[in-house]
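Engineer: Please work from the sequences and hints to get the whole structure.
Start counting the sequence shown at 1; every next residue gets the next number (this note's numbering).
Quick caveat, the hints were computed from the structure, so don't treat them as lab data. Every residue, glycine too, gets a C-beta built ideally from N, C-alpha and C. Just so you know, not all the hints are guaranteed correct.
[Unchecked claim] Simulated crosslink set (DSS-like; lysine-lysine; CA at most 25 Å straight-line): (1) Lys263 x Lys383; (2) Lys478 x Lys585; (3) Lys409 x Lys263; (4) Lys383 x Lys409.
[Stated by the list, open to error] Distance ranges between label pairs, derived from CB positions: (5) Asp154 x Arg388: 45 to 53 Å; (6) Glu482 x Asp308: 34 to 42 Å; (7) Gly335 x Pro710: 55 to 63 Å; (8) Arg428 x Asp154: 49 to 57 Å; (9) Arg428 x Val546: 31 to 39 Å; (10) Val546 x Lys409: 53 to 61 Å; (11) Arg140 x Asn270: 49 to 57 Å; (12) Arg227 x Leu100: 43 to 51 Å; (13) Pro281 x Pro564: 33 to 41 Å; (14) Pro360 x Arg314: 20 to 28 Å; (15) Ser358 x Asn270: 38 to 46 Å; (16) Asp648 x Val693: 21 to 29 Å; (17) Asn571 x Arg745: 32 to 40 Å; (18) Ser358 x Arg227: 29 to 37 Å.
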Amino acid sequence: MTTAPGSIPPAAASPRRETEFAAPDIDHLLSHSLLQMPDGVIAVDRELRVAVFNAAAGSIWGVDPALVIGAPVNRLHPRALTDCFLALARAEPGQPSDPLDLVLERDDGRVATLSVTLVAVRDPTQVLGVAFVRDVTRQRRHEAHARQLSLAVDRSDHALITLDSELGITYVNAGFTRLFGYTIEQMRGKRPTEVLAGPHTDTDTMRRIYAEAATWRSFSADLLLYRRDGQPLWVSILNNPLGDGNGVPGEAVAVFTDITHTKMHEVLHNRVLDALVREQPLGEVMRLICVELERVAPGLLTSVLAVDNDSRLRPLASPNLPRDYSDAINGLQIGPGVGVCGTAAWRGRPVSVTDTLSDPLFADFRDVVQRNGLLAAWSSPIKSSGGRVLGTFAIYYREPREPDPWHIKLAEICLHLCALALEREQTRARVHQLAFYDALTGLPNRMMFNARAEQLLVNAESQNTPAAVLFVDVDRFKRVNETQGHAAGDGLLRDIAHRLGENLDMSDLAGRQAGDEFVLALNQCTAEQAAGMAERLLGAIAAPSVVGHMTLHPSASIGVAMFPEDGRDINTLLRHADLAMHRAKTEGGGSFRFFSADMNRLAQERVALETALREALRRDQLQLHYQPQVHSHPPHELYGVEVLLRWDHPQLGAISPARFVPLAEESGLIGELGRWVLRRACGQLADWRQRGVAIPRIAVNLSASNFEDPQLLDELLRLLQANALSPSDLTLEMTESVMLSPQPRVLDNIAAMQMAGLALSLDDFGTGYSSLSHLHRLPIHELKLDMSFVRDLEHSMSARALTNSVLRIGESLNKLVVAEGVETERQQRLLAGLGCEVLQGFLFSKPLPAAELEAWLAARAAQ
Numbered sequence: 001m002t003t004a005p006g007s008i009p010p011a012a013a014s015p016r017r018e019t020e021f022a023a024p025d026i027d028h029l030l031s032h033s034l035l036q037m038p039d040g041v042i043a044v045d046r047e048l049r050v051a052v053f054n055a056a057a058g059s060i061w062g063v064d065p066a067l068v069i070g071a072p073v074n075r076l077h078p079r080a081l082t083d084c085f086l087a088l089a090r091a092e093p094g095q096p097s098d099p100l101d102l103v104l105e106r107d108d109g110r111v112a113t114l115s116v117t118l119v120a121v122r123d124p125t126q127v128l129g130v131a132f133v134r135d136v137t138r139q140r141r142h143e144a145h146a147r148q149l150s151l152a153v154d155r156s157d158h159a160l161i162t163l164d165s166e167l168g169i170t171y172v173n174a175g176f177t178r179l180f181g182y183t184i185e186q187m188r189g190k191r192p193t194e195v196l197a198g199p200h201t202d203t204d205t206m207r208r209i210y211a212e213a214a215t216w217r218s219f220s221a222d223l224l225l226y227r228r229d230g231q232p233l234w235v236s237i238l239n240n241p242l243g244d245g246n247g248v249p250g251e252a253v254a255v256f257t258d259i260t261h262t263k264m265h266e267v268l269h270n271r272v273l274d275a276l277v278r279e280q281p282l283g284e285v286m287r288l289i290c291v292e293l294e295r296v297a298p299g300l301l302t303s304v305l306a307v308d309n310d311s312r313l314r315p316l317a318s319p320n321l322p323r324d325y326s327d328a329i330n331g332l333q334i335g336p337g338v339g340v341c342g343t344a345a346w347r348g349r350p351v352s353v354t355d356t357l358s359d360p361l362f363a364d365f366r367d368v369v370q371r372n373g374l375l376a377a378w379s380s381p382i383k384s385s386g387g388r389v390l391g392t393f394a395i396y397y398r399e400p401r402e403p404d405p406w407h408i409k410l411a412e413i414c415l416h417l418c419a420l421a422l423e424r425e426q427t428r429a430r431v432h433q434l435a436f437y438d439a440l441t442g443l444p445n446r447m448m449f450n451a452r453a454e455q456l457l458v459n460a461e462s463q464n465t466p467a468a469v470l471f472v473d474v475d476r477f478k479r480v481n482e483t484q485g486h487a488a489g490d491g492l493l494r495d496i497a498h499r500l501g502e503n504l505d506m507s508d509l510a511g512r513q514a515g516d517e518f519v520l521a522l523n524q525c526t527a528e529q530a531a532g533m534a535e536r537l538l539g540a541i542a543a544p545s546v547v548g549h550m551t552l553h554p555s556a557s558i559g560v561a562m563f564p565e566d567g568r569d570i571n572t573l574l575r576h577a578d579l580a581m582h583r584a585k586t587e588g589g590g591s592f593r594f595f596s597a598d599m600n601r602l603a604q605e606r607v608a609l610e611t612a613l614r615e616a617l618r619r620d621q622l623q624l625h626y627q628p629q630v631h632s633h634p635p636h637e638l639y640g641v642e643v644l645l646r647w648d649h650p651q652l653g654a655i656s657p658a659r660f661v662p663l664a665e666e667s668g669l670i671g672e673l674g675r676w677v678l679r680r681a682c683g684q685l686a687d688w689r690q691r692g693v694a695i696p697r698i699a700v701n702l703s704a705s706n707f708e709d710p711q712l713l714d715e716l717l718r719l720l721q722a723n724a725l726s727p728s729d730l731t732l733e734m735t736e737s738v739m740l741s742p743q744p745r746v747l748d749n750i751a752a753m754q755m756a757g758l759a760l761s762l763d764d765f766g767t768g769y770s771s772l773s774h775l776h777r778l779p780i781h782e783l784k785l786d787m788s789f790v791r792d793l794e795h796s797m798s799a800r801a802l803t804n805s806v807l808r809i810g811e812s813l814n815k816l817v818v819a820e821g822v823e824t825e826r827q828q829r830l831l832a833g834l835g836c837e838v839l840q841g842f843l844f845s846k847p848l849p850a851a852e853l854e855a856w857l858a859a860r861a862a863q
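Structural biologist: Structure, rendered in structure tokens:
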């Protein structure tokens, strides 16, 4: 037998092998295999009855296969399975279908996802088709989870990459592409920083990152990287290694988070705060902000403008902006059509211009922006914490365009820092203003004036030129405050400060010393020029001043001290000019005087006298004398005594009250002096009462300032009670200046004293022009006729007529009249004849110490 080439020759016939070989039952083998398959197998006949339902299928459906065999297939869930078998009638025999997922709800409530593949069968066994079923519930869940995870990773704002063992990129998510602009094709196999590092990426941080990554440990770092378009980004990097099944690292996952906004804020914030702490000038701080923003956003031009108190733009920083553009907008009034900056400041909100060559906001600046290639701009107002516009921050582009959202985010960081710097600068300026300038007039205060004047004197000495210091005091300013109110006084001071400034040269200085006192330092000024300046100032100050609804007619007294003749330092010159001013004031005011040596001597004597008076009060070295007041008709019984203050200084001898009482008024000692007199006088009267010395009453003269003391009445009542005296034992004498006081509390005090039972007496009546017009306002008990009337009674008909008039006034008002200064018998007879009830004078007794008064009383009683 021949064999075809390439075929296997048949084996030789062997009777034994032929008897041993038995062909397998293919149908049985196939059926057994189907029943033993790990996947579920379901075969149905043409009647759609289940012919095969293996154990795996029973496990999937949770039923006994024996209960299913022969049953209609539509009894099996899901119903879609029946539809699949029906569709097999149209299918190509032997061709498996695509896997189909069906959801099975078992009788026990369990839900499973099934993957079903069907095959059509054409054979005499009448089997229609076979379904191969696999439970893919867990697999589908895993796939769904993977899909969700992939979706979350791709949609995340974070950039995610995976790295191989060589730190080459194997995967980037969509977030990475959005953040950096690179796809996986552009990044695969490359190390991240090979592509993402740029000119300002910190190399030390990169080396640390790779050193950490080589150890396969988790780490994090912040790094400046660059997008594909060159835009810098600050990112936070978090790297985590991934191990294989045996725990050996093989890959890593790195997450990049954009922290540009936060990092820029942090970097700028730290740098600006550091600059502020180091007291760097405002312009340098603003330049730092602009430079930093331009560094991280190449191609931008930035500027910071301030808005001054007149609502005008003032450039603070514009590192790369053309100079002629900054000059063009400097000093412009903000408004609705003043470029982006002036308009943003006026509107109080950001303004964007996409094309400066066509936008009407740049109509007045078109040439300068075109010349410098500033073709688009965006500006936002810089606002204080209270919402006030302090300035503007602007960014400019070299091409027409909309502002980049990222650039606006950077600008918003800068706005906050600019506001911080501007508010700090304004606060510092306010503190400086409060510390060195007068809040009312805006003139330098004492400290600032002295410092600047000292420098003026140094320059004058080095140039061997004269200088003058003028001390200006407004005459009767206290009366303006008291009669017209403090608002009028403040207005007058502001007006005078303005007038002083208008008459000074640029090199001269003016300042407010205190209250109504102003000082001036005149550079390169001779005595003749100083006199001329003083005359001009007196004329300027004397011009009527309209304050509110009132017209005031001020005047001033000016003292002049010359450098170097009257002093070589500002304190000495001010002191000497002050002395000269006081001389001008004592001579009537409205004039000026130059300092002279005798003024200094008198001032020193005054200071010494004031010191001695304070010491005398402290040591009880003053004395009280008492002058009797008697009835005008014989036997001239004692009416009372007037208390008179005397001072016998151990070294200076007797000092007249006319000298030390005004000194007490000027130095603020008058209140203490009045209380001392009241304590000693009441104590003396109490002593006399205890010893039976018949003194009906005492009269004490108080100044106008004593009557302004709201505690005076309470102190008097306590003093009377402590000495067992009644209010009627004390008469308080006042001068006409008390009647002229506009202070409501003065009249309130007087009325309260009268209600308390204290007697009140008006001293030196008739010598003041306002006595009669004010007499009805005071609840006084007696009038004291001034001695000037009494002195001329004997030889002047006018004096006699005036005296008679005063007596008639007292009589008509039911007030007792006491005549002072009675020295002759004829004066006594004339006064008695005119009806004067009480007399006082040397005719009866001079003022006496307490012991001598007692002797005088004893002598009278013995007569």
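Engineer: Confirm or reject each hint.
Structural biologist: Hints, one by one, checked against the model:
no.: 1; hint: Lys263 x Lys383; verdict: 23 Å, holds
no.: 2; hint: Lys478 x Lys585; verdict: 14 Å, holds
no.: 3; hint: Lys409 x Lys263; verdict: 12 Å, holds
no.: 4; hint: Lys383 x Lys409; verdict: 16 Å, holds
no.: 5; hint: Asp154 x Arg388: 45 to 53 Å; verdict: 47 Å, holds
no.: 6; hint: Glu482 x Asp308: 34 to 42 Å; verdict: 40 Å, holds
no.: 7; hint: Gly335 x Pro710: 55 to 63 Å; verdict: 56 Å, holds
no.: 8; hint: Arg428 x Asp154: 49 to 57 Å; verdict: 53 Å, holds
no.: 9; hint: Arg428 x Val546: 31 to 39 Å; verdict: 36 Å, holds
no.: 10; hint: Val546 x Lys409: 53 to 61 Å; verdict: 56 Å, holds
no.: 11; hint: Arg140 x Asn270: 49 to 57 Å; verdict: 53 Å, holds
no.: 12; hint: Arg227 x Leu100: 43 to 51 Å; verdict: 46 Å, holds
no.: 13; hint: Pro281 x Pro564: 33 to 41 Å; verdict: 38 Å, holds
no.: 14; hint: Pro360 x Arg314: 20 to 28 Å; verdict: 24 Å, holds
no.: 15; hint: Ser358 x Asn270: 38 to 46 Å; verdict: 41 Å, holds
no.: 16; hint: Asp648 x Val693: 21 to 29 Å; verdict: 24 Å, holds
no.: 17; hint: Asn571 x Arg745: 32 to 40 Å; verdict: 37 Å, holds
no.: 18; hint: Ser358 x Arg227: 29 to 37 Å; verdict: 31 Å, holds
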